[in-house]
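**Student:** Sequence:
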Amino acid sequence: MNKKLKRFFIYLWVITFSAILFVLGVAFHIHKHPIDNKVINKLIVRSIHSLDQTSRVDIQHSHFVIDLANFKIRLSIDNLTALNKAEQPFIKFEKLEFKIPIWNLLTSNLVPDYILFSKGDINLEFLTENQPSFQRKFNFNKIFSFFKNIKIQIKDVKIDYLGNNLKINNIQNLYINTHKSLIDFDLKINNIAYKHFISIETTPESVKFKTKLDNLNSQIINWALGNKLDNLTGPLQHNLTTNIALEAEIQNNKLSNLKIELDKLTGTYHLAKFFDHQHKIRNAYIKFEIHEDFKQIKLTKFLLAPEEQGQIEITGVINPFLFSNLADLTVQVRNIPVEYVPNYWPKQYLFIKQEVFNYLKSGLIASGKGNFKIDSKWLTPNLMTDSQIQAKLNIINAELTVLEKLDKLAKTNLAVKFSPFAAAFNIIEATFANSKIKNTAIEIPFDTTKKVLFDLNFEGQIKDTLKILERFKTEITQYNVIKNCLTKLNGDIKLSSQFEIPYYGSDINNLNFKISGEFAQLSSANFFELKNGFPIEFKDGTFDWAENILNLKTQALIHQNELKVNLTQKSTLPAIIKIQGNINHKSINKLAEALEIDPLQDITTEGRTYVDVLTTIFPDKSTNHVKLNFTNSNLHIAGLNLNKYVGQKQFYEATIINDDHHLIMHNIILKGVTLNTDPSFLTYNKQKKVVTDLKINNLSSFNNKFSIDYENNQKHKTLDLTGSHLDISKFLSTVTKSASPNEWLKDISIKAALQTVTTANSIKLNNLKIDLNCTNKCDNFHISSHIDHKDNFNFISQNGKDTYHFEYLISDFGKLLNALNISNNFVGGKFNAYLKGIKSDNKIEGKVNIQDITSLQASVLYSILKLTSIGGISSILTKNEKGIKFTKSSSKIAYDWQQHKLTITDGNAKANSIGLTMEGFYNLHSKDYKFNGTLVPNLYGINQLFGKIPVLGANLLGGKNSGIVAVNYTIKGDISHPTPKIWVNPLSILTPGFLRKIFQ
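Be aware that the sequence shown starts at 4, since it is given in the working numbering, and climbs by one per residue.
It should be emphasised that the hints constitute simulated quantities derived from the structure, not laboratory data. All C-beta atoms, glycine included, are put in the ideal place defined by N, C-alpha and C. Misleading hints may appear alongside valid ones.
Okay, the calculated beta carbon distance ranges per label pair [unchecked claim]:
(1) T333 / E432: 37 to 47 Å
(2) L859 / T721: 54 to 64 Å
(3) L859 / N797: 36 to 46 Å
Once the Cα atoms are required to be at most 20 Å apart in a straight line, the calculated PhoX-like pairs of lysine-lysine come out as [unchecked claim]:
(4) K215 / K283
(5) K833 / K850
(6) K888 / K904
(7) K930 / K839
(8) K846 / K749
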């Protein structure tokens, strides 16, 4: 070794030894002469101020010393109190001692090997509002990296935690060693011993940890969450214990997966904010997962046993954020007494009024027990106008007492549905004594001004019915009359009752009965005599029960056919008879004679009614036509099928369309009625059965005289109409209110040749010819006609293999709109439109021109001008008492077949007093629209004066169809609401045209 290098090491050793001597000297000096506690106090105060800058700190004594004998640095603090801004202590203790080995200082490791609390009492008190906020963003990875090498050990120390009724005492052994990814401790809290284990695995990208704690108290959980349970639920009184197991993983500083399992959850809790009652649970089991950084909670299993008997199980998904679907849950309740269920009714219920909620709580289901299943979708509550809650409750095989007025219903299957407007209860099937209640519905609206609706259906013995009716005797207006009648009868009864009850008060009407069975002879009341299961349907309040209205004593009337008679009161006649079933026309005659009524006017039939052409029941012998009269209930052509039979005697058979799918009618004349030509029956009926074919050779009724031939092979429908007269006025009033004509115009071919067609407002189309073929869309047609023998219209589509070409020519556009019941707001107008497109694009586009059309109502234009708030402008339209005549209007249009969307661009219209531009869209499927543009009032020609100045006019006004005074407008709405929403931008009124689009 050379001399220079040897000299360097000598100097280095001298400097190092001198530094060590200096440090030891300082340490020895501190050991003999401890640092003044004022200096230490300032350091402690600064540390506490880093937690709360508003704090005020009082320290009685602090002591810092280097213990050379044990080679440790020791810091002891006595009687420290830190007060926050509210003068409340958030740190307070009597004695605390930290011991740090000097070796840690020499190795730059300031984290102590252990912190030893000295024996004695140490009091700690923390206030919730001074704890770190849960909304503060922490870096989980950095936190766990910081704790990576911590070792803490606490032995035999008593701690009293003041606050939140939580007392920690006798920490016997607390050992934390994060270097080994292990936390294990034994301690007592509220005199309950706990054993806790935590395992932590850290990598640069993630942190995984597992923990298990037995016999954990809910007060500790609340304390660990900073009393957040109270903040979420209001004052929470709870004393629950549980075993908890937790697994979690943190990736990229986000909680990616959290699994929590609670077992043997037992105790009591009371959410005073929501419930009146304290709830008890025993041995509950909860397992759930939290995904996507607390965006979704999945309940794998929630098993709750609130009483000594019964069980509640919940599975599903909960979304904690209000602006999403809150939950999709399935709840199953097994053998829970129903009278216990109201304990779980909250005090208030989202969007339901309090008085409605009290009505639901007041004992709709009064008592009983059984099995329940709830399938619910809880959507965003009471935050947006389209908010709603959907829940379905099925009560299966339960024994219930309903409304405290009915006896116990055994083996009940009850469904309950909540909608945004009402709660609907439906008893699907229940056993009552020896009888059954089926499909009974109770609908309770959330609007207390509306009535509670009942639809009761009962099948069983009459004596059981009397028991039910007796409970409602104060509400049924005709109770005594019904009771006197039913007590004289034996056998079975079908009770069908539809009635309404206000929230406050009682009144039941429209009680319907269907009685069958062996009945006693009512000779004393002389009311009626029935034998052999003859059914009668009657309605309470529709006729006088005391009068001898019906006295049927002959079985010859029935002629071995099923017969049902429906009695309804009429002011001038004792009854109107409606026959359901099979009956010969001669029996109808005898029935009419017995009741002294007109068989043509007061008897209607449903079912198979055999009619002889030559009998006196239809006395018109001058024609070979059978003349039938039908009431409005039988008028719908989808409800009747007349099949012609050929034999020695010519007669017709009437059947119901729901039984047969073929309708053939010959030479039918309907007098005194107007035919409803609603074509919806061609597609489906009430039972969703398709009509396969319909043929009427000659149908006459008022303004109708035509023939129809309809076939449906399930894939495509064909309809042929020919005749001299067809009245479609009622059909137009129906179809214009329907959602879309696509339902009945899908996959159909129509051919028509009609001399006169009566449309809306008594407007007639003459010589109407239709040749139309629709598959997915109607793209091949030719329709032509005259309007009231004067004007004409012509619709033509000439489509190639890959292209569309449409042409529309109308000489009186306003009258055609009126005839089709679309609008009566326009008069005159020559209309022409030429559209074309490529089939693969599913779009057509073109241009529309209308000349000399008058708008009778200018309410929208008036509203736009009125919103400008400039005097004189809104008075422009008042001079046009007979409407505004637009001499010229045009626009470009485009229609999208798939989106059902009509788009208008470059639209403009010109009148003497006003002009406007327009662009926007109308959706034929959703019926909504939105248009915007510029409205230019013609202020005595001044407004367009600058437009005539070359160069300057074009730049100042922004082009043609503009003026120096103009206003941007927006119109938005849908067809179902006649009044649209109108917006006017006042900044655009006097703005030059080239800048006006900035304000649009």
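**Student:** All hints are to be evaluated individually against the structure, with a verdict given for each.
**Tutor:** Results of checking the hints against the structure:
1. T333 / E432: 37 to 47 Å: Given range 37 to 47 Å: violated, Cβ gap about 22 Å.
2. L859 / T721: 54 to 64 Å: Hint violated: Cβ distance 40 Å, outside 54 to 64 Å.
3. L859 / N797: 36 to 46 Å: Given range 36 to 46 Å: violated, Cβ gap about 26 Å.
4. K215 / K283: Status violated; Cα separation ~25 Å.
5. K833 / K850: Distance ~14 Å between K833 and K850 Cα, so the pair holds.
6. K888 / K904: violated (28 Å)
7. K930 / K839: Not satisfied, since the Cα-Cα distance of roughly 24 Å exceeds 20 Å.
8. K846 / K749: holds (18 Å)
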